[in-house]
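Using full-length UniProt numbering, read the sequence shown as starting at 1 and increasing by one per residue.
Accuracy of the hints is not assured; some may be wrong.
[Claimed, not checked] So the derived label-pair ranges between C-beta atoms look like this:
| no. | residue 1 | residue 2 | range |
| --- | --- | --- | --- |
| 1 | G206 | I163 | 10 to 20 Å |
| 2 | N235 | I163 | 44 to 54 Å |
| 3 | W419 | A353 | 26 to 36 Å |
| 4 | Y381 | E349 | 22 to 32 Å |
| 5 | A384 | G256 | 37 to 47 Å |
| 6 | G184 | A244 | 11 to 21 Å |
| 7 | I265 | I163 | 26 to 36 Å |
| 8 | S209 | I265 | 22 to 32 Å |
| 9 | D375 | S130 | 18 to 28 Å |
[As the list claims (entries may be wrong)] Mimicking DSS-like on lysine-lysine, the simulated pairs with C-alpha atoms at most 25 Å apart in a straight line are:
| no. | residue 1 | residue 2 |
| --- | --- | --- |
| 10 | K171 | K141 |
| 11 | K286 | K171 |
| 12 | K274 | K207 |
| 13 | K274 | K165 |
| 14 | K261 | K286 |
| 15 | K286 | K207 |
| 16 | K141 | K165 |
| 17 | K274 | K336 |
| 18 | K336 | K286 |
Hints are computed from structural coordinates only; laboratory data are not their basis. On a predicted model such as this, the values are computed, not experimentally measured, just so you know. Positions of the beta carbon are idealized from the N, C-alpha and C atoms, including for glycine.
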Amino acid sequence: MENTIRQPGLEVTTPPHDDRYYSDLEVPVGSGPETVKYDYRVNVPQVMDPPAPKSGLGMQLRRKRVIVAIILTVVAFVVGVAVGVTVGRKNNTSAVGGTASSDTGASKSKTSSGSAPRTSKAPARIPIPSDAPLAAVASGKIFFQTDSGDLVLSTLSTKSEEIIKPSVPAKNGTSLAAIEWNSGNEIRLFYLSPTNIIQEYAYSNGKWSDGPLASSAFTAFSASQLATCLFAANNQIRLYYQLANTTLQEANYDIGGSSNKWSLIPSGYLPNAKLGSGFSVINFAKNQLRMYFQAESFLIREMIWPRRDVIHGDNNQTWIGAASFGASETGMQQQKAKGLTAISAVRWEGTNAQQHVLYQSQANSLVDMHWGDIDRQWIEYPLAKGAKDPVGGAKVATTIDGGDVTLYYRADDGLRHMWWNVNSGWNMDDTDPLIPGS
């Protein structure tokens with residue numbers, strides 16, 4: 001149905017409509033801004049208020065709003081990109097620094113305690129002085145003393161050091177001797193107190209404590225060196241030191257004994273050595289001992305226990321000089337050792353049982369005296385990096401693990417080592433020092 005709207009000067013015809021779709025219609029009135037709102041259902045025209053004029057100022061405000069919105073959008077985009085780049089860089093830095101950073105998402109999560117994972121810093125190394133007393137055991141533990149008198153345990157497998165603190169401190173410049181058994185679960189460290197009483201620091205059941213030796217109050221010469229070994233036949237520890245009259249002294253401890261005490265073996269059974277020089281003792285064929293020391297002649301001597309006599313049998317109370325090594329001045333020819341030299345000896349048993357005795361020559365180079373049970377003779381030769389570059393060191397320590405011998409010595413840049421086996425002989429370490437020098 002069509003509807004016609006008539007007003008003065010205006011006639012509008014609407015198309016047919018349905019009240020469901022049309023409710024009103026706006027038509028202009030003349031040439032002015034007014035319109036007439038016509039309700040089809042009541043046919044009553046209504047005059048409406050004119051819309052706000054679209055002035056130039058309104059258009060400018062609308063344009064400014066659009067421009068501001070665009071600027072804010074661009075700024076938000078730039079900030080978002082910058083934040084993303086920064087977070088990415090932080091994640092990459094964490095990966096380089098050692099914190100967990102992987103595709104599994106572990107790097108984004110916290111630890112079970114609720115705190116974010118942190119990187120761990122390697123502990124600072126304790127440098128070894130050039131003239132530090134030195135001791136070592138086969139499990140890769142090195143003992144030395146700092147310039148301030150602290151005793152240090154260095155664990156080579158972790159490249160770390162720690163200061164150990166027995167209840168009785170060590171005297172400055174003390175000698176050190178160490179021994180281990182039971183796969184390194186038992187360790188004993190021996191040293192001198194400021195009053196020259198021999199002290200024992202024991203590692204057992206996973207912790208360190210003072211050993212029973214201190215209660216015996218064995219007093220050594222002020223500059224005495226120390227040596228120790230296991231005597232396998234009797235399951236004993238043997239400890240050696242020097243008295244002021246130059247005599248070497250021997251003490252004994254039964255590992256499986258119930259008394260938990262040390263005992264002395266009469267000093268008259270051991271030789272006299274150059275006062276303050278080094279010495280070393282090894283277990284030979286389980287039921288014998290060999291001692292190496294420096295005589296007043298500056299030569300290295302070997303003593304054997306027990307004394308063997310084809311007529312009277314073994315004499316367990318007496319040591320005897322070994323002629324094969326040079327027990328007298330007319331014995332085996334060898335170069336003289338440096339005065340007060342360090343001496344270190346090792347031996348292993350087997351079908352090709354061998355032993356090494358290491359000391360310093362008067363040229364400060366380390367010399368190896370090597371003995372093999374098959375050829376039954378001593379062979380002496382210097383240890384050298386090259387023809388004119390001998391290995392030196394004021395203090396040395398040797399350990400043995402199976403058929404491999406390890407020699408530790410203080411080089412110019414710290415503690416270094418060499419190793420020897422029956423197939424390749426001596427092998428030189430050419431990497432960084434095991435312990436940095438001070």
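To see whether the hints hold, each was checked on the structure:
Under the hint 10 to 20 Å, the C-beta atoms of G206 and I163, about 18 Å apart, fit the expected range. The hinted window of 44 to 54 Å between N235 and I163 is violated, with their beta carbons roughly 32 Å apart. Separation of W419 from A353 is about 18 Å and departs from the stated range, judged on CB atoms against 26 to 36 Å. Taking the beta carbon of each, Y381 and E349 are about 23 Å apart, inside 22 to 32 Å as hinted.
For A384 paired with G256, a C-beta distance near 44 Å keeps the hint of 37 to 47 Å intact. Taken as a hint, the range 11 to 21 Å is violated for the pair G184 and A244, whose Cβ atoms sit roughly 35 Å apart. At roughly 34 Å, the beta-carbon separation of I265 and I163 lies within the given 26 to 36 Å, and the hint holds. Take S209 and I265: their Cβ atoms lie about 26 Å apart, and the range 22 to 32 Å holds.
At about 37 Å, the CB distance of D375 to S130 disagrees with the hint of 18 to 28 Å. For the suggested pair K171 and K141, the alpha carbons sit about 21 Å apart, so the restraint of at most 25 Å is met. Simply put, K286 and K171 have alpha-carbon atoms about 34 Å apart, too far for the 25 Å limit, and the pair is violated. For a cut-off of 25 Å, the pair hint linking K274 to K207 is broken: about 37 Å separates their Cα positions.
Using a Cα cut-off of 25 Å, the hinted pair K274 and K165 is violated, with the two alpha carbons roughly 32 Å apart. For a cut-off of 25 Å, the pair hint linking K261 to K286 stands: about 23 Å separates their Cα positions. About 29 Å separates the Cα atoms of K286 and K207, which puts this hinted pair outside 25 Å; it is violated. Between K141 and K165 the alpha-carbon distance is near 16 Å, which keeps this suggested pair within the 25 Å criterion.
For the proposed pair K274 and K336, the alpha carbon gap of about 13 Å is at most 25 Å, so the pair holds. For the given pair, K336 sits about 30 Å from K286 by alpha-carbon distance, which is inconsistent with the 25 Å threshold.
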